[in-house]
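Read off the chains here:
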Amino acid sequence: MTPPRSPRRVLVVRCPGWPGAAGWPGIAGWPGIAGWPGARDQESASGARAFEQVVHAVEAFCPQVEVLRPGACAIGVRGPARYFGGEDELARKIAEAVRPCGFGCQVGVADGLFAAELAALAGPAGRIVAPGETPSFLAGHPVAVLGITDLADLLPLLGIRTLGDFAALPAAEAVSRFGTRGELAHRLARGLDPRPLVPRPPAADLSVRQEFDPPAGQAEPVVFAAKALADQMHDRLAASGLACVRLKVQVTCEDGRQISRLWRHDGLLSGLAVAERVRWQLDGWRTAPGGHGGPGPAGPGNGRPGRPDGRDADPGDGVQPGGITWLQLIPDQLVRAGGRQLGLWGDAVVSDRVARAALRVQAMLGHPAVTRPVPAGGRSPAEQVLLVPFGDHDVPRLPPDRPWPGQIPGPAPATVFPVPLAATVTDRSGQAVTVTGRAQESAPPARLSADGQPAMAILSWAGPWPVTERWWDPARARRKARFQLVTEDGRAWLAVLQDGRWLAEASYD
Amino acid sequence: MFDSRLMGADTARLAALPGASLAPWRYDDAVLPGDGMLPVLPALRGLLPGGGLRRGSVVATGHWSLLCLALAAGPSAAGAWCAAAGLPQLGVRAAAEAGLDPGRLLLIADPGPGWPQVVAALLDGCGIVLLRPPDRPSAQLRRKLEAAARRHGSVLLVAGEWEGAQARLLVTRQEWDGIGAGHGRLRARKVQVVADGRGAAGRPREQWLWLPGPDGAVTAVAQDIAEQDDMARWGRGSSGPAGTGISRVSTG
Chain A
33 MTPPRSPRRV LVVRCPGWPG AAGWPGIAGW PGIAGWPGAR DQESASGARA
83 FEQVVHAVEA FCPQVEVLRP GACAIGVRGP ARYFGGEDEL ARKIAEAVRP
133 CGFGCQVGVA DGLFAAELAA LAGPAGRIVA PGETPSFLAG HPVAVLGITD
183 LADLLPLLGI RTLGDFAALP AAEAVSRFGT RGELAHRLAR GLDPRPLVPR
233 PPAADLSVRQ EFDPPAGQAE PVVFAAKALA DQMHDRLAAS GLACVRLKVQ
283 VTCEDGRQIS RLWRHDGLLS GLAVAERVRW QLDGWRTAPG GHGGPGPAGP
333 GNGRPGRPDG RDADPGDGVQ PGGITWLQLI PDQLVRAGGR QLGLWGDAVV
383 SDRVARAALR VQAMLGHPAV TRPVPAGGRS PAEQVLLVPF GDHDVPRLPP
433 DRPWPGQIPG PAPATVFPVP LAATVTDRSG QAVTVTGRAQ ESAPPARLSA
483 DGQPAMAILS WAGPWPVTER WWDPARARRK ARFQLVTEDG RAWLAVLQDG
533 RWLAEASYD
Chain B
242 MFDSRLMGAD TARLAALPGA SLAPWRYDDA VLPGDGMLPV LPALRGLLPG
292 GGLRRGSVVA TGHWSLLCLA LAAGPSAAGA WCAAAGLPQL GVRAAAEAGL
342 DPGRLLLIAD PGPGWPQVVA ALLDGCGIVL LRPPDRPSAQ LRRKLEAAAR
392 RHGSVLLVAG EWEGAQARLL VTRQEWDGIG AGHGRLRARK VQVVADGRGA
442 AGRPREQWLW LPGPDGAVTA VAQDIAEQDD MARWGRGSSG PAGTGISRVS
492 TG
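Residue numbers (the working numbering), protein chains in the order written: chain A, 33 to 541; chain B, 242 to 493.
Errors might be hidden in some of the hints.
[What the hints assert, rightly or not] Short, incomplete list of chain A residues facing chain B, as computed with Cβ under 10 Å:
| no. | residue |
| --- | --- |
| 1 | Leu294 |
| 2 | Ala401 |
| 3 | Pro437 |
| 4 | Gly438 |
| 5 | Pro441 |
Because the hints were derived from the structure by calculation, they are not lab data.
The model shown is predicted, which means the values in this text are computed figures rather than measured ones.
Glycine is no exception: its CB is placed at the ideal position from the N, C-alpha and C atoms.
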């Protein structure tokens, strides 16, 4: 329940007897609500839809309506009251506008949302509490209206029965005895907002941009301008006490194409560092293979800007045919400037130098091209590692620190084929080797041919190690039998027989 | 990282490195021991001139194998970041078992046609860069990347051929232990590594290694066992051409 911010005078519209209206929490004994028939039993989604009519009617008076719940909404009253000729007049007009919807209407006006909602309940048509009279209006209410169950039980036992009694306590005592919830309740009882206002970061446009006229054909002037722009942006952010988590660099070409990339910023990048990233971005664009060097729909999530080689532009000197007309730096995800954040990339501390190199490669190849390995759970060597793009933080779905019975013991293979190689394993007579349901091989494997290479004699072998994975899930269930094979060239292989097909999963080179 | 057992092994191995303290887990040029030299695993010291990887040098290993990971493990354990470009098949778990810290590993599975720029950028940031070139680099390109390695004081470790590499290490013979005809399992591999190179590294050196050993770690094979086995298995002169590394399997 966040009160509207700047106007402290609040108007609440509520429709008594609204189906599904939750009422005021925790005040079942309070007159005015107890009599509602089955107020809590109704389906509230349909109520929410029906209440749209009411909200729509209220929106005619003030466009910024906060729906508290189906059956109650609130607006800031200061501006509309001035326009419609006073709070009384506004309340009357709103009630008139809402009634045709077919619902009853109570309108309350007071300082703060809490008091305004109580004011709406205070009479058959609601009540308007004059400015400054809110504390005395609240003083007569029982403490139960605070909606904090344990306080509602406890305070009457201490002889504090009304909000007025509670508000009379010194604030410090209320905090030290009842904690933060006591402080909140105490502020409410005094007619204040439940907490001091926390204005959200401004929605003001903090982006900076520069036009190039004539269009810049070279990277240098753009990079040079980027530094000045970045300094300007940092000054603006600092003046508002803000930092950005990410920075979006947007470059517009003369022919209207745009390339934009998001860079992690975290308030750590200097103007020079931003300029450096702009240069990488332009370099990545220029050296991207194919055609005019444009990466197409560039973005941090796109794949590699690879296209069949058809380069006709000279890749060396110019930035683009057409040149660059706009450079824009857009701070993304504004946060309060709270100093440096570290440890974004997990446990190991990534030094600036490594991060810079990785970001630079990401600028050339795309975000997913640079990965860091994270141990994951699984039985095959490929399953045991999850590759996470640099800068992301990903947690493996399957934890590695489980027993995983059926893993191949011993030294891990140095070569794990990203896609297992198709293979054939035959016995001495040239028949494909199979494995029976009892994990018995049909004949000793004698020859292995992997990835279409000429067959090699198998000098020694071990297995089969049968694995039945996820038999409870028909879509992902697999039965496999693994073998270790040593061929005549000295290589050792991890081969697997699955659904009658042989695959080379890894080799122990 | 993958196995709590490993942490102990790593720590022990790290403590055994010359001049390494346990403190420099964060990569910083200043704290790496040995000016101009990145430490390697003790088993590999004898193979490299100066007993380590010289900063700014290029080391080639003929083809992709666990040897590349073993070479990168020493610097990684000492705190350097390692990047691997063009190696989608890199077995991260094997790397971790060899001593490479996966927490300081960057993988660029496909550096694309612009791979030289990618490698140059990586050399700037990482102490050691593993590379399998997608195509045969021209002499000019090689010189550029060598210059980048020198400028940034990092090591380019090529899983392939590289003319002009300061050091070249090749696995010439290998033999798996623990697996038989239908029984046992792969337990350890004994390999003979031969190293040569330019200048001070010109004299060929050789070393028998467990690559990997039974726990995945890379250690030297005790001298007498190596010689004995060498005589018994390879000394008869009929064991095929040198370098083919035909495996004879003992059924331990």
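These are the hints, each one checked on the structure:
At its closest, the beta carbon of A/Leu294 sits 19 Å from a beta carbon of chain B; the interface hint therefore is violated under the 10 Å criterion. Interface restraint check for A/Ala401: the shortest CB-CB distance to chain B comes to about 6 Å, inside 10 Å, so the restraint holds. Of the supplied interface hints, the one on A/Pro437 is violated, with its beta-carbon coming no nearer than about 15 Å to a beta-carbon of chain B, more than 10 Å. Interface restraint check for A/Gly438: the shortest CB-CB distance to chain B comes to about 13 Å, outside 10 Å, so the restraint is violated.
Of the supplied interface hints, the one on A/Pro441 holds, with its beta-carbon coming within about 7 Å of a beta-carbon of chain B, less than 10 Å.
Hints 1, 3 and 4 from the earlier list are contradicted by this structure; the remaining hints agree with it.
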